[in-house]
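For chain A, the structure is supplied; the task is to place chains B, C and D on it using the hints.
Residue numbers (the working numbering), protein chains in the order written: chain A, 337 to 710; chain B, 36 to 354; chain C, 94 to 347; chain D, 714 to 1014.
Just so you know, the hints here were simulated from the structure itself, not pulled from any lab data.
Please note: incorrect hints may appear among the correct ones.
[Claimed, not checked] The list that follows gives simulated cross-link-like pairs (lysine to aspartate or glutamate, EDC-like), each with its CA atoms no further than 16 Å apart:
(1) 597/A / 845/D
(2) 402/A / 391/A
(3) 189/B / 450/A
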Amino acid sequence: MIRKALFLFVAVCMAFAVQSVSADTVKIGLMGPMTGPWASEGQEMKQVLDLLAEDVNENGGLIGKKVEIIAQDDAGDPRQASLAANRLSTMDIVAVVGTYGSSITEATQNIYDESQIIQVANGSTAIRLTEKGLKYFFRTCPRDDEQGRVGAQTIKDLGFKKVAILHDNTSYAKGLADEAKALLEKDNISIVFYEALTPGERDYNAILTKMKSSKPDGVFFTGYYPEAGLLLRQKSEMGWNVPFIGGDATNHPDLVKIAGKKSAEGFYFLTAPLPKDLDTPEAKKFVADFQKKYEAPPNSIYAVLSGDGFRVIVEAIKSTKSTDPDKLADFLHKKLTDFPGLTGKISFNDKGDRIGEVYRVYRVDGEGNFVLQP
Amino acid sequence: MKEKRYIVYALFVVFLLTAPLYLNRYWLEVLNSVGLYAILGLSLNIIVGYGGMFHMGHAAFYAIGAYTTAIISTSYGVPVLWLMPLSGLTAGVFALVVARPIIHLRGDYLLIVTIGLVEIVRIALINNVFGITGGANGIFGIPRPTLFGYKIFKSHQFLYLIWGCVAVTVFFFYRLENSRFGRALVYLKEDEIAAEGSGVHTARYKLAAFVLGAFWAGMVGTLFAAKMTIISPESFSFWESVLYFMIVILGGSGNIAGVILGAFLVIGLPEFFRGLENYRLLMFGAAMIFMMIFRTQGILPPRQKVFDVSRFRKGGEPI
Amino acid sequence: MILKLSNLTKRFGGLTAVDRVSFDVEEQTVMGLIGPNGAGKTTIFNLITGNYKPDEGEIVFQGQSIGGVWTNKIVMLGIARTFQTIRLFQNLSALENVLAGCHCRMKSGPIGAMLKTPGQKQEELWALEHAMKQLQFVGLADRAELLSGNLSYGNQRLLEIARALATNPRLLILDEPAGGMNEQETEALIELIFKMRDSGLTVLLIEHDMGLVMKACNRLVVVEYGKKIAEGTPEEIQADSRVIEAYLGIDEEE
Amino acid sequence: MEEFFQQLTNGLAVGGIYALIALGYTMVYGVLKLINFAHGDLFTIGAYLGLTLLTSMSLMDSLGVFFGLLLLVLMVMGLVGLIGVLLDQIAYKPLRQSPRLSAVVSALGASIVFQNAVMLIYGARFQVYPQDILPRIVINIFGMPVPLIRIMILMASIFMMGALYFFIQRTKVGTAIRAAAEDQGAARLMGIDVNRVIMLVFLIGPALGGAAGLMVGLYYGQINFTMGWIYGLKAFTAAILGGIGNIPGAMVGGILLGVIEALGAAYISIAWKDAIAFFVLILILIFRPTGLLGERVAEKI
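Excised from the complex, chain A in its bound form (with noise of 0.2 Å):
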């Protein structure tokens, strides 16, 4: 027994102790979701940046020197991510894509700020990840008051006047909800329905009952597409045809699959536009590569916008010619405009946001296809 909680104790210090360094690659972290229930999300975001990177490697690599993704898992957890984003941060990284969710970036963010590493998160779209000033945190995703502005919009152009709102309790989706709601209170429409149901559950008639005894015009639901997909597939099996809003987290073609072409049908979602609907040669020949290499186009829109964080980045280090966080964070505030991007034209503001009409509206037609809104 004491030899060998020894023995642990002599492999814990030598583990500890090893710690392969090496200098020569330009090192981009990725924290994202590997395991857990986001793992989907965290496994395709490494997939977009192992492309991404191999591409640039390909045509001369960065600065003289090879381009290294060093993936790490956030579980989807604060703590875990905290513990990421320090291993990350003692592995020489010049800057770090990710993470999905708001509240598991937020619990990194004075890690990489302290440690002077560029951050680009892909899929926290919380308000507040941004008012604190910190200088290297940057986002390729909207935020959620300018989609909760989008959305509200939308509502108002399909004339509806009484409005379901509902969420999943996420932080993202919360306040989506949130904020499309204040702005529709503020235009008189009326909000007969809000409630949040629990994520990860199949069955959602229950709910699907209630909302439908409010009888309201159309349903906004600000959650994710595996729920998403199960609500349009259980309303249409009740019979009711009430038209469904989805939120950006909606855009993926599961939904379709889930719900089945003729559930999916007539179902509008807000996103930032799909790299198809891009005539950009960047976002052509990034799908056909994505095409290529992985036998399936990308699913998530979180983690195509996790591949414009890198493309920024690259950008950046290509541009300034320096790793140094500091001119990179300058460029990134002030010279980047209007970045060819996977996902349209991306520029930065002070805060780290991005700027300008990132949101399309995409219809469901009846083969599943979807079809961006004029």
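Using the frame of chain A, we list chains B, C and D on its own:
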């Protein structure tokens, strides 16, 4: 035997004291994490390890401590570490109120009720109960702690703070283990009816174990809040409670050194698997099964208590 | 009179396990409770020690009614017991088992323990000494450090007595103390019972070993189907025709 | 009122699934006093195996919908049952003599292994069952639209529970299982091969869980590797609610939990639905400490 054990303990203390000299920030943070969980494990050990009660809802008490600290420090600007006793007290009072009606439940019934408890607390936090928990966003901007005028924010400073707290916990809990109270809990675990027949007020002692465990978990909540500066409901899920539970059982329930080792295994070990990426948790799960199979009593099961009774014997003969 | 049972009744569902049983136990005597298996003897013990709550009737201990009072309170008042199926703390040492008995005569709580107040320290020392005394009393002092589960059957019975004695009882209730003991051990047990009685204790016991019962007890109560059918000195009981018929007589007929 | 009945059927549909999974917990618990925390993941495996078999073998085309489905259900049940037996042999059998909580930790480890193995094999993405296997017919019951498939699912789970109940109560093997659950030592003395009973229990319980997984896949369409965790926890709650170790208890507990959830969501709050369910559970246990149908065992002193 005994001497060897103390050599290991001494080496361990030396390792912790000197860790900032040769460990980078990441590994220091891992140690900090292990330390926090070690205290949580020790506090759960009172309930599960000594008292033998199936309690898988410890994260509820931890959450209440952390939120108490977060709410009061952000709204009234009270220095964080001062809030430790208050956070412990809130968690303890909460435990007293909720555990009273359920304390008589046996084994697995108690288990599911405690799971229910942690879920109810988490759902309440997410739903922004009383409008003070910040919902899914949680609470952010918790000030850094200060100790003797020094602001604590660097990893190695936290290392000393957290492991200092571990040391204090070990000091107190070792005394507790070797006292009337600690023994009474063990009697309860061994045989409730015999314990009662020896004059132990079973319900009161079970409740006291819950309250004391909760009090300590609440105080760790303060440390956690101070270290993270943001807390949100994700940190207090049922899965968290499962982790503490595994720490106690895997390390050796009822043994202080075992629980600390358990914290190293459950919290530290997955960090070594980081290189395996997606295989990380798979390996971790398999490791747990094998550890349980090869040491079914936990890695370090409790040792028999040794009492110095020589003075009650004269020349080898009993008086 | 230290203990007085009057019309004690306990029902389990439709079964009346104890049916209006009354008897008194005099101070500093050894009282035996005998009867065939399933007659309700252990149930009477469980009622006295508070493990069961009586449906009817009264139990008065030293002038105080204790029917339905919590077990631990009853222990505090001065009634200690051993169990028919040995209920030692198997994974703890003999000494720790006896320390359990000291519990109710100590006061310090968790806070005192963590701060190690002088009172708590003294109390712990007292408990150790007290526990060792009991072990010595039953003759197990040299086995104090052994795991109780590793003791012989007879010694486990003795250890249970030591644990009960450590609570400083006025009345000691022994449930089949000689069960599993050999002849020599039983003889030693009888000596021990006398020793306890002489030191001022009152003993109430259930036993099937008639040799022990007749030798050790001052008075006997016989129960059958939950009812008391006889009471008296061992000689009287041996002469009682109902008892012979119901219980002792079986041997003669066969 | 119509909404009330609609919610009641919603609750029944969910509860039927809970009940089916709860049976696996309760059977294993009855015999081994072990909470098989990996049971929820066996349910997940059932859902994934069902998808694989469904898409790779095209049973429906050659055998028709009914027989194709029947064969599919049987294959999934058999395979998951086999995995259950393996799980017991590897992770639980060595721990028979050790403290109960050690086996619980081993079960938690097994749960982690299963969950991540499914993730590694099938990927972390949501998987989707083909949509057109079962006819999507909606029938009207007293003016309420109820999808036919939902009735079929409920019927199927009631049928399986009934069959199990018959098996346990009326057959010789079932009697052996009950005897082993009552008192393992005594059962052994009566000549019952307890090891085989345990194997059987680990075959039947997971098989039912696997069938539930398949049904969830067929009905809801969307499955992912973490789904077993939530369903498992709910089913475990249901088993305790009914009185763990008690087979009719698991059925009653499952149905009741489903109904409590649906009505709690409808009339109190959707977001607090699970909290309400747990709260009701705690209330019930305060007044009936061994669940609704659990026996009150007075400990022999």
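Status of each hint after checking the structure:
no. : hint          : result
1   : 597/A / 845/D : holds, 11 Å
2   : 402/A / 391/A : holds, 11 Å
3   : 189/B / 450/A : holds, 10 Å
In terms of the numbered hints stated before, the structure departs from none.
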